[in-house]
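As they're listed, the protein sequences go chains A and B. Position 97, counted from 1, in the first sequence is what numbering that gives the first Met the number 0 calls 96; the numbers after and before it change by one each time, with no gaps. Position 133, counted from 1, in the second sequence is what numbering that gives the first Met the number 0 calls 132; the numbers after and before it change by one each time, with no gaps.
Since the hints were derived computationally from the structure, they do not count as laboratory data. Be careful, since some hints might not be right.
As the list claims (entries may be wrong) - Part of the chain B face toward chain A, derived, beta carbon under 7 Å:
(1) P48
(2) G63
(3) N67
(4) N202
(5) T203
(6) P229
(7) Y230
(8) R233
(9) S239
(10) A246
(11) G270
(12) H271
Unchecked claim - Derived EDC-like pairs: lysine to aspartate or glutamate, alpha-carbon spacing no greater than 16 Å straight-line:
(13) B:K317 / B:E49
(14) B:K330 / B:D347
(15) B:K325 / B:E79
(16) B:K297 / A:E127
(17) B:K269 / A:D135
(18) B:K293 / A:D135
(19) B:K353 / B:E49
(20) B:K243 / A:D135
(21) B:K194 / B:E223
(22) B:K353 / B:D100
(23) B:K269 / A:E127
(24) B:K162 / B:D324
(25) B:K114 / B:D100
(26) B:K293 / B:D324
(27) B:K194 / B:E184
The C-beta atom is built at its ideal place from N, Cα and C for all residues, glycine as well.
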Amino acid sequence: MNIYYILQSLIDGLLIGGVYSLVAIGLTLIFGVMRIVNFAHGALMMLGMYTTYWAFNLLHIDPYLSILICVPVLFIIGAAFQKFLITPILDAPEHNQLLLTLGVSLFLENLAVFLWSPNYRVTRTSYEFAYLYIGDLSISLQRVLAFLTAMVVTGIVYFLLSKTDLGKAIRAASEEPRGALLMGINVRRIYWITFGIGAACAGVAGSATAPFFPVYPTVGGIFVITAFMVVVLGGMGSVLGAFAGGLIIGLADAVGGMIFPGAMKSIISFILFILILLFKPTGLFGSKN
Amino acid sequence: MMARKKKTNPFGKKVTRRDFMKNTAKATVTAAVVGTIGFPNVLRGAQPPEVVIGQIHPLSGFLGYLGNQLKNGCELAVQEINAAGGIKSLDGAKIKLLTADSEGKPDLSIPAVEKLDREGVVAVTGCLQSSVTIVATQVAEKQRVPFVVSVAVADKVTDRGFKYTFRIQPNAAQMGAQTVQYISEIAKQAGVPVKTIAYLHDNTAFGTSLSEHVVNNAPKHNMEVIARVPYSPRAADVSSEVGKIKAARSDLVMSTGYFADQVRAFRTMKGHRVNPKAFVGCGNGAFSDQNFIKELGKITEYVMDGNYQANPLSPLAKTMYANYDKLHGIKMAPSAIFAYEAIYVIADAVARAKSTDREAIRDALTKTNMADHVLPQGPIVFGANGQNENAQAAVTQVLNGKINVVWPAEYSQSKFVFPAPS
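With the sequences and hints as input, model every part of the structure.
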């Protein structure tokens, strides 16, 4: 095992970790802040990937520019999802929400099969094979761009949650909905806005991955379980936690991949996950409640 | 009936009962061709018996792309046979295709076979995955339904002494051994010594069994597998696995896997500048699929694959490719060829049995000796275990953006390029 191999694995782990972070940031808003177990998150990401794919192929818009289309589209889908499907059953037992999001996820995936066929599609940009080579190391430009996107999104969402009135309202509504209502916050409105933002983040994740990942209806499933893990690991509702958690899982998988074969490579990330839950049940950046 | 010349305007003339029956019969045939709409039994009275064939493939779920390719292959064969006048020894009986979705799950194939059985199929084809096929054939054996496997590579499928299971494609043992042999022959002819192989394969039974046969057969041709790296097809990133392959610095890089994961893996290998003398797939779900080239472009040039394939020199295969393109608007994946051929093998058995009785059809299948087919082999003949004895893999190579069969020589359409220029 030479030094290049180790460095290469770590770099790749870090970069794919950025993608995990990006998926998890949206989920931490929905699952972490609003406590909705959103199984449809992967499907929302898939919609983001298709939006980017079609924007690129039909309108010739660069995948990273298509984020500007993805954000409003996914925001509307997410907000409508919350407003028309989840709000009516907010008072029902939690597992009903879970079944609902699972159902929506199945619906969206099969809708994609129906509309766009199950065929794999690859977004082929002019820079798809742009790599930076340092000695024996190779670093993919697209993955670096995805990583930077994750950093920017983390910054924006963090700022939004901690510094703006909307962010304060979101946190208030999640921590103490009744109290927030008494303070004059329209909690239901905050809920659909939050869900919309979360879905928009999933869309951005889709845009950022579409250039180097084949697009197909069930693609979201590959990321969504990892994203749930990242959210819990980083601390429910913590944006910085989601970012750090994504990088940690990415690196842990890379180290695991160096040592163990095949699916066993996730062993290290799962062990880390269990250890963190054992010694810090609220997650890395989680607050007490 | 279709060639009737006299044209009547359906609105200008009172529709008689006879006309109605004629037109309905026409519609029934069309419906049977499309294979989706069933007409009430009453209207079928005047028709020769219908030959119902079932197919089970993963039409949804993570293998949906390939599953639909296989379904398309079945549909094409049915359409061709019916358009050519159906099964002649049964008064031109038309074939009707019934479809079941396995969703890629072995347990769902059980009710699927049972349902097809109840609906009176003469035979079933399926299931793309070995895991699903092993279960489905077991049920078919119990219900005495002839089962002609479309695609499933595991040796176990035909190694259980079943009487109703037949398989046309090469099994893992044949495919692994032949790929190694062919590559060594190619290297020998090119005068380029090849000693070491690094093998990247998916960690399911598919990649594990094929790579095992390659590992066991390589020494017979003075080669050695020096690195064997499994990966999970559901993993988002295979960079560290590719790192191990790169570190091996072998003469050849071989790989086995399904479509999406192989697209990712190959892309990563190219990005990481893994530069062997050749990339060689073995039963690879992507390397001999024209859509692989469409997705990744010119970096796929010179990629080889030892796989089940059609014989490109056969005129039947040329017609098949053209018709598939026309009917489905997508390039035919190699696996779809075997779903297509399976329907022909079943139809051939029905024609010889001159009956829709399953026992008669099973007996006819055991006596199959089919020379008119699209495969790179001699006649299709099933051994006592139901495996096609003459099954043969072929080595393909991407040349000028097209998949070409380059070995064995008698089926090759182009001269191979080896080693691949870097």
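Enumerated hints in conflict with the structure, sorted upward: 1, 5, 13, 14, 18, 22 and 24
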